[in-house]
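Engineer: Given next are the chains, with one letter for each unit.
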Amino acid sequence: MWRIFGGRKREAELDEELQAHIDIDAARLEAEGLTREEAARQARYAFGSRALVAEQTRESWGARWLTGVRQDLEYAVRSARRTPAFSAAVALSLAMGIGAATVVFSVADTVYLRPLPYPAPHELMFVAMRLFHLEMVLSPDYVAWRKDHSAFRELAAMQFHGGNPATLGGKDPAEVRVTRVSYNFITALGVSPAMGRNFEPGEELPNGHKAALLTDALWRTRFRSQAAVVGQNITLDGVAYQVIGVLPRSFIMPLEVPADILTPLAIEPAISHHDRSLASWTVIGRLRPGVTQAQAFANLQLLFRASKADAPEIFRNDVSVMVEPLAERMAGNARTLLLVLAGAVGCLLLIACANVANLLLARWSARSRELAVRAAIGARRGRLVRQLLTETALYCAAGSAAGMALLAFGLRAVVYFAAGSLPRLNEVKADERVFGIALGVSLLTMLLFGVLPALRAGRVDVQTVLQRSGRPGITGGYRAARRALVAIEVALSVVLLWGAALLLETLWRIEHDRLGFEPEHVMSVSIPLPNSSAAKANRKVLTEAMLANIRRIPGVTAASWGECTPLTGGSEGATFTRSDRPLPEPWHRGDTIAGCAIGPEYFQASGVRLIRGRAFAGSDYDPPQTLAIINEALARQYFADEDPIGHQIDGHQNGGWKTIIGVAADSKNQGLNQPPAPQMFLNDMVLYPGSDMAFVVRYVGAKPLFTGAVRASLREIDPGLLARFQSLDQAIGRMSAGSRFNGVLVGSFAAMAFLMAVVGVYGVLAFAVAQRSPEIGIRMALGAGPLSMQGLVLKEGAVLVTIGIVLGSAMSLIAGRYLKTLLYDISATDLRTYMAVIFAIGIAAMIAAWIPARRAASLDPTVTLRDS
Amino acid sequence: MVDYLLVNRIDLLHGTLDLMILQTLQWGPLHGHGIGQAIRASSRDAFQVEHGSLYPALHRLERRGWLAAEWKMSEANRRARYYRLTAKGKKQLLEEQSKWKTLVRAVAQTMKPIRE
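Chain order of the listed sequences is S and H.
In terms of my numbering, the first sequence opens at residue 1 and continues consecutively.
In terms of my numbering, the second sequence opens at residue 1 and continues consecutively.
It should be emphasised that the hints constitute simulated quantities derived from the structure, not laboratory data.
All C-beta atoms in this analysis are idealised placements derived from N, C-alpha and C, irrespective of residue type, glycine included.
A couple of the hints might just be wrong.
What the hints assert, rightly or not - SDA-like cross-link-like pairs, simulated, lysine to any residue; straight-line CA separation at most 25 Å:
no.: 1; chain 1: S; residue 1: K9; chain 2: H; residue 2: A38
no.: 2; chain 1: H; residue 1: K72; chain 2: S; residue 2: K147
no.: 3; chain 1: S; residue 1: K147; chain 2: S; residue 2: K308
no.: 4; chain 1: H; residue 1: K72; chain 2: S; residue 2: R36
no.: 5; chain 1: H; residue 1: K99; chain 2: S; residue 2: A40
no.: 6; chain 1: S; residue 1: K9; chain 2: H; residue 2: A106
no.: 7; chain 1: H; residue 1: K88; chain 2: S; residue 2: R78
no.: 8; chain 1: H; residue 1: K72; chain 2: S; residue 2: A39
no.: 9; chain 1: S; residue 1: K9; chain 2: H; residue 2: Q26
no.: 10; chain 1: H; residue 1: K72; chain 2: S; residue 2: L29
no.: 11; chain 1: H; residue 1: K72; chain 2: S; residue 2: Q19
no.: 12; chain 1: H; residue 1: K101; chain 2: S; residue 2: H521
no.: 13; chain 1: H; residue 1: K72; chain 2: S; residue 2: K308
no.: 14; chain 1: H; residue 1: K88; chain 2: S; residue 2: G202
no.: 15; chain 1: H; residue 1: K90; chain 2: S; residue 2: A39
Unchecked claim - A few chain S residues facing chain H, derived, Cβ under 10 Å:
no.: 16; residue: E17
no.: 17; residue: L18
no.: 18; residue: A54
no.: 19; residue: Q56
no.: 20; residue: D318
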């Protein structure tokens with residue numbers, strides 16, 4: 001490459017010098033009496049191969065003005081350029097392997113290895129009690145523990161499932177996410193505000209000063225980075241808060257909690273387990289220096305014993321406390337997914353390495369004569385190995401560079417598609433760490449595929465090779481090694497293809513499972529209500545006015561209020577009870593059923609079918625909570641052999657017993673990858689007073705027209721409110737995003753792997769046919785038919801593929817254990833999937849084997865024998 | 001002396017061709033074709049220099065500074081690359097000649113007992 005300028009002229013001069021030689025020779029011959037043409041012909045003949053002489057002369061250039069590595073590189077570049085297709089195949093295989101591996105390992109690095117973005121992150125612990133499958137701390141216990149603990153420097157609390165949407169008031173109301181935290185929350189994390197001050201202890205009292213901390217992002221977008229905002233008042237859901245500070249730009253909420261604004265929790269210092277304001281919080285502790293996790297756990301157990309003594313009816317024997325490093329907690333359930341991805345990408349990288357090693361071995365065995373000649377004219381073995389390693393390194397560098405280009409693109413794609421399935425994605429970025437990983441992966445690749453073959457190729461036996469001169473094929477070509485590599489490639493692609501097939505089948509099942517409703521043209525509209533009592537009292541009037549407005553919008557065919565959509569269970573869980581059975585004791589562990597208040601037209605609007613009985617009528621709502629419509633899941637579970645209609649259920653909730661008047665079809669009320677949960681619909685406007693005002697609307701026509709009309713009518717009623725829209729199609733898309741991510745990613749890995757394996761099979765057999773063409777020629781000359789030659793090659797291919805498939809199936813069985821949790825409605829040992837994958841690989845590989853086999857059959861014995 | 005012979009067969013061969021080229025050029029500049037013809041003639045057809053060895057050797061010697069090259073018109077009225085000995089090359093030739101004589105003497109001595 002550095003020869004481009006000087007090189008051209010030099011090459012031209014060499015060419016002319018050699019041409020001059022021939023011309024002078026021709027002139028001499030002509031003077032001896034030959035005709036001009038004959039003289040020219042003989043001179044050319046006498047000179048021999050001009051290209052060869054030029055090449056050998058060129059090599060003598062290098063000997064002096066390029067030495068060592070530079071010379072090797074020069075040589076490697078030249079030999080790579082001579083075979084562009086081969087070089088591209090090698091570099092591309094490496095780029096795919098390295099790029100994909102680096103993407104996945106970068107994500108894994110962020111999730112597992114990178115310390116949390118807080119000072120002394122190892123001191124941060126997630127603290128919780130395990131209660132009803134939940135991991136949280138009840139508010140009275142938090143208050144008691146914070147007072148009495150000895151293991152922690154700070155024990156901070158955050159609203160359970162924080163990040164509630166709220167309306168940020170102003171000229172142009174906007175939705176923001178607010179998370180309530182204890183006053184010491186950011187202190188515990190080791191963070192202090194970039195501007196302004198932190199919360200003060202008094203601010204977390206129920207009647208304390210209403211203070212708010214803004215995140216940097218919100219401050220920049222919404223408040224245009226104005227420093228003057230500190231000290232000003234803002235309104236959240238109609239309540240005034242004073243902005244006391246802005247968080248640093250680097251601040252990241254722990255545990256993926258979304259937040260634009262932090263406000264203090266309302267903590268009643270004298271709260272007890274018997275108060276109605278009992279709440280659940282997420283608690284994070286920072287250990288005192290030198291305190292271990294075990295010591296902290298012992299301390300908590302002591303505190304928990306006191307809690308138990310205070311409220312034995314809540315804390316049964318199966319409630320326990322836990323302390324877990326915050327980093328592990330945040331990595332959490334991504335472990336399986338990352339393991340699967342790392343396994344998949346590891347397979348892919350191995351296949352790429354095997355493929356490249358295979359290509360290189362084939363090439364080097366074809367070049368064994370060249371290597372032998374170099375050894376004969378004095379190149380030492382170490383020199384040859386160095387030369388081959390330089391070539392390897394060159395390919396590796398080209399592959400890595402292309403891989404890095406893929407990486408930038410791949411990381412962005414992963415962050416986009418994996419949203420929701422992987423934690424800490426907002427911290428993933430292409431930085432020097434990622435570069436380091438890419439470098440590591442590349443070096444690993446080079447070691448895997450480069451060094452061993454190079455060492456082997458360096459050990460040329462000069463004698464043997466030169467004696468067989470002219471027939472490079474018979475030198476063996478590392479046949480065993482290359483076949484083993486191909487078998488491994490096939491095995492690994494069986495694993496990948498099988499995993500991808502299962503994940504894609506999962507995706508298909510999730511998306512095509514019976515939803516139980518018609519999601520097209522259904523929109524859920526929710527309007528957060530201000531927390532003020534006036535708004536609460538006004539709720540009925542507001543809801544009815546809004547519903548009337550929505551019904552007047554052209555295109556709307558049905559509309560109803562409803563606390564749930566077909567994809568959610570409802571606002572409140574209740575313990576199932578029925579009037580003809582004895583009531584269970586309080587706090588018993590009965591099954592929880594979902595409850596949801598709906599309006600009369602809910603079923604028409606949502607598209608959920610009513611199977612039996614009737615829907616609520618407009619006159620059923622006074623008094624409310626007297627009637628119930630249950631879903632099929634509830635009917636199946638609690639009224640297996642009975643007709644549920646007429647029975648009374650849910651006695652100890654508001655309003656007493658509710659009489660069942662209908663049964664509705666099941667819908668995916670727990671999300672797409674869960675079976676429908678038992679659910680009851682009640683004749684009321686709202687069960688949980690904190691619910692948003694919510695409507696389910698079926699409409700025909702364009703979405704923007706609809707949303708625009710709703711916003712306009714809402715402004716008429718109350719300009720301070722804002723409406724959120726979600727079409728059910730959208731919601732379904734978001735819910736299947738995780739499965740789609742798994743399927744698409746592993747699927748594309750598998751596709752690459754499949755391609756490389758098929759190319760590998762083809763390459764090995766095509767090379768074998770080329771090598772053995774003299775042998776095949778002899779056999780055919782001795783009377784073997786073309787078909788038997790074809791069979792010979794096919795058999796070789798079949799043996800390789802069979803070994804690969806058997807090996808791959810065994811590996812799949814092991815991999816199945818990890819894949820299990822990512823699947824839905826299909827078993828990891830699903831036989832049909834196995835058969836399909838084996839069939840696909842078998843067919844593709846045999847087609848790849850058939851092409852060289854046909855070539856073997858069509859060889860002309862006279863030609864092959866003459867050539868050898 | 002015997003050790004010297006065993007050092008490297010290839011070196012000896014290379015060295016021999018180099019020596020013959022230097023030797024040929026002491027009578028004046030010549031192009032590649034001429035050098036090949038001259039070596040062949042002076043050895044009475046015993047040495048048939050392959051072009052694949054001759055041209056690399058010429059370029060190598062040029063790089064070492066023992067030869068210099070320039071484009072001139074040949075007797076056949078064609079532009080050709082003429083090589084001539086440099087001062088360094090002349091010194092090298094003397095050195096090589098004395099080396100060669102030592103070598104020949106040594107070989108001759110080694111051979112004697114076998115003949116008897």
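Engineer: If a hint holds in the structure, say so; if it doesn't, say that too.
Structural biologist: Structure-based check of all given hints:
no.	hint	result
1	S/K9 x H/A38	violated, 29 Å
2	H/K72 x S/K147	violated, 102 Å
3	S/K147 x S/K308	holds, 16 Å
4	H/K72 x S/R36	holds, 23 Å
5	H/K99 x S/A40	violated, 41 Å
6	S/K9 x H/A106	violated, 46 Å
7	H/K88 x S/R78	violated, 33 Å
8	H/K72 x S/A39	holds, 23 Å
9	S/K9 x H/Q26	violated, 29 Å
10	H/K72 x S/L29	holds, 21 Å
11	H/K72 x S/Q19	holds, 14 Å
12	H/K101 x S/H521	violated, 104 Å
13	H/K72 x S/K308	violated, 108 Å
14	H/K88 x S/G202	violated, 95 Å
15	H/K90 x S/A39	violated, 36 Å
16	E17	holds, 5 Å
17	L18	holds, 7 Å
18	A54	holds, 8 Å
19	Q56	holds, 5 Å
20	D318	violated, 85 Å
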